[in-house]
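J.: These are the residues of each chain, in order.
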Amino acid sequence: MLTFLALASVVLLGIVPEQSQAIVIYTGWERHALLGSDIRLSCSFFSWRWTSEDVTFSWTYRPDGSRDSISIFHYTGGVAYVDNKGPFRDRLEFVGNPGRRDGSILLKNLEFTDNGTFTCDAKNPPDIVGRPSSVRLLVFEKVPIQAGVITGAIIGVVLGLLVLIVVIYYLMRFLVARRVFSLSVSKHGKKKKEGSQQRQLWTPPPLTCYPLP
Amino acid sequence: MLLLLLGIILLHLAALVLLFVSTIISVWSTSETGTSDLWTNCSIVNGGYHCNPASTGEWIQAVQALMILSIIFSCLSLFLFFCQLFTLQKGGRFFLTGTFQILASLFVMSGAIIYTVTSQYWVLETYTFGYSYILAWVAFPLALISGLIYVILRKRE
Numbered sequence: 001m002l003t004f005l006a007l008a009s010v011v012l013l014g015i016v017p018e019q020s021q022a023i024v025i026y027t028g029w030e031r032h033a034l035l036g037s038d039i040r041l042s043c044s045f046f047s048w049r050w051t052s053e054d055v056t057f058s059w060t061y062r063p064d065g066s067r068d069s070i071s072i073f074h075y076t077g078g079v080a081y082v083d084n085k086g087p088f089r090d091r092l093e094f095v096g097n098p099g100r101r102d103g104s105i106l107l108k109n110l111e112f113t114d115n116g117t118f119t120c121d122a123k124n125p126p127d128i129v130g131r132p133s134s135v136r137l138l139v140f141e142k143v144p145i146q147a148g149v150i151t152g153a154i155i156g157v158v159l160g161l162l163v164l165i166v167v168i169y170y171l172m173r174f175l176v177a178r179r180v181f182s183l184s185v186s187k188h189g190k191k192k193k194e195g196s197q198q199r200q201l202w203t204p205p206p207l208t209c210y211p212l213p
Numbered sequence: 001m002l003l004l005l006l007g008i009i010l011l012h013l014a015a016l017v018l019l020f021v022s023t024i025i026s027v028w029s030t031s032e033t034g035t036s037d038l039w040t041n042c043s044i045v046n047g048g049y050h051c052n053p054a055s056t057g058e059w060i061q062a063v064q065a066l067m068i069l070s071i072i073f074s075c076l077s078l079f080l081f082f083c084q085l086f087t088l089q090k091g092g093r094f095f096l097t098g099t100f101q102i103l104a105s106l107f108v109m110s111g112a113i114i115y116t117v118t119s120q121y122w123v124l125e126t127y128t129f130g131y132s133y134i135l136a137w138v139a140f141p142l143a144l145i146s147g148l149i150y151v152i153l154r155k156r157e
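Note that the protein sequences, when read in sequence, are chains A and B.
Reading the first sequence from the start, the letters are residues 1 to 213 in the UniProt record's numbering.
Reading the second sequence from the start, the letters are residues 1 to 157 in the UniProt record's numbering.
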């Protein structure tokens with residue numbers, strides 16, 4: 001049985017076509033950040049091969065509205081090369097772990113001119129065929145409130161209060177009616193004690209639209 | 001008696017319809033080239049009519065919430081009126097109906113006041129108040145009068 005499974009897995013892995021052995025790169029889709037804060041742009045990849053020693057990561061940046069990209073980071077041969085001439089000089093730091101397939105970078109002290117698209121490209125020789133993945137960075141002065149959050153909150157609170165008031169009103173009526181009933185029963189007969197028999201006799205008060213006193 | 005009932009219901013429905021129109025149609029501010037608030041900003045760019053979602057500030061969301069609440073309370077008040085019409089004792093007053101309708105009018109009033117005071121922060125100088133805004137202000141006294149009539153009214157057979 002075990003030998004059969006081993007043979008089958010070897011055969012299947014051999015049959016796996018060349019295209020599916022492409023490297024798959026993951027970054028976020030969009031990142032929001034406040035002016036002046038730091039942000040970590042993550043990049044990782046999936047590859048059928050073991051992580052080789054020649055693994056490379058490279059990040060390029062394309063500002064919003066521009067068609068040209070500029071290379072800002074490159075990791076190869078175990079050494080990380082950060083931008084020392086371009087828009088991110090002294091603001092870029094490598095915080096990834098190539099051994100664990102993590103090529104994340106840290107951008108410090110964000111400015112409005114940093115709005116744009118960051119593309120990560122990773123290569124894991126001999127697995128080099130793959131599509132680079134892009135993450136869009138949006139820098140805000142203050143984090144905007146999403147449409148409808150406050151609207152929903154106000155409506156929810158007011159309707160919740162309304163439901164609460166109705167529930168409390170009916171609860172009060174129910175408790176008062178029950179107390180009145182139990183008092184009248186205890187007056188009439190001492191044989192009838194509080195028990196399941198009494199619960200069967202009692203019926204809930206009818207719900208009608210009585211005006212509030 | 002029937003005429004009185006019909007008149008009251010018509011007044012309530014008029015206020016309700018005004019509230020619906022004022023909330024749904026996004027013409028609280030208007031100018032020659034476009035309209036804005038409560039839900040979308042539409043403008044006539046040289047290409048054609050182009051609409052964007054309205055700005056997501058705190059105050060405009062508060063106005064949206066208050067208008068929606070006023071519609072909800074006015075509808076509830078209408079439903080309660082019919083409910084109380086058949087279950088109230090003779091000589092009883094429609095307090096619950098009147099309360100809800102007065103609350104609805106207060107919500108419209110607060111929404112219109114908030115919009116009046118804070119719209120300057122996001123609406124351009126060339127814009128003036130549109131007809132949805134005016135309808136909201138008209139709906140307020142109608143709803144208030146309707147609510148007061150309910151509170152004063154006594155049920156007769």
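If you are wondering where the hints come from, they were derived from the structure by calculation, not from laboratory data.
Quick caveat: nothing in here was measured; it's all calculated off a predicted structure.
Incorrect hints may have been included.
Examples of chain A residues toward chain B, derived with CB under 7 Å [claimed, not checked]:
{"#": "1", "residue": "V143"}
{"#": "2", "residue": "I145"}
{"#": "3", "residue": "G160"}
{"#": "4", "residue": "L164"}
Non-contacting residues of chain B with respect to chain A, defined by C-beta distances greater than 12 Å in every case (computed) [what the hints assert, rightly or not]:
{"#": "5", "residue": "L3"}
{"#": "6", "residue": "V27"}
{"#": "7", "residue": "G57"}
{"#": "8", "residue": "I60"}
{"#": "9", "residue": "Q64"}
{"#": "10", "residue": "I68"}
{"#": "11", "residue": "L76"}
{"#": "12", "residue": "L103"}
{"#": "13", "residue": "V117"}
{"#": "14", "residue": "L142"}
The beta carbon of each residue, even a glycine, is placed where N, CA and C say it ideally should be.
J.: Which of the stated hints cannot be reconciled with the structure, identified by number in ascending sequence?
T.: As far as the earlier hints go, 1, 3, 4, 7, 8, 9, 10, 11 and 12 are violated by this structure, in ascending order.
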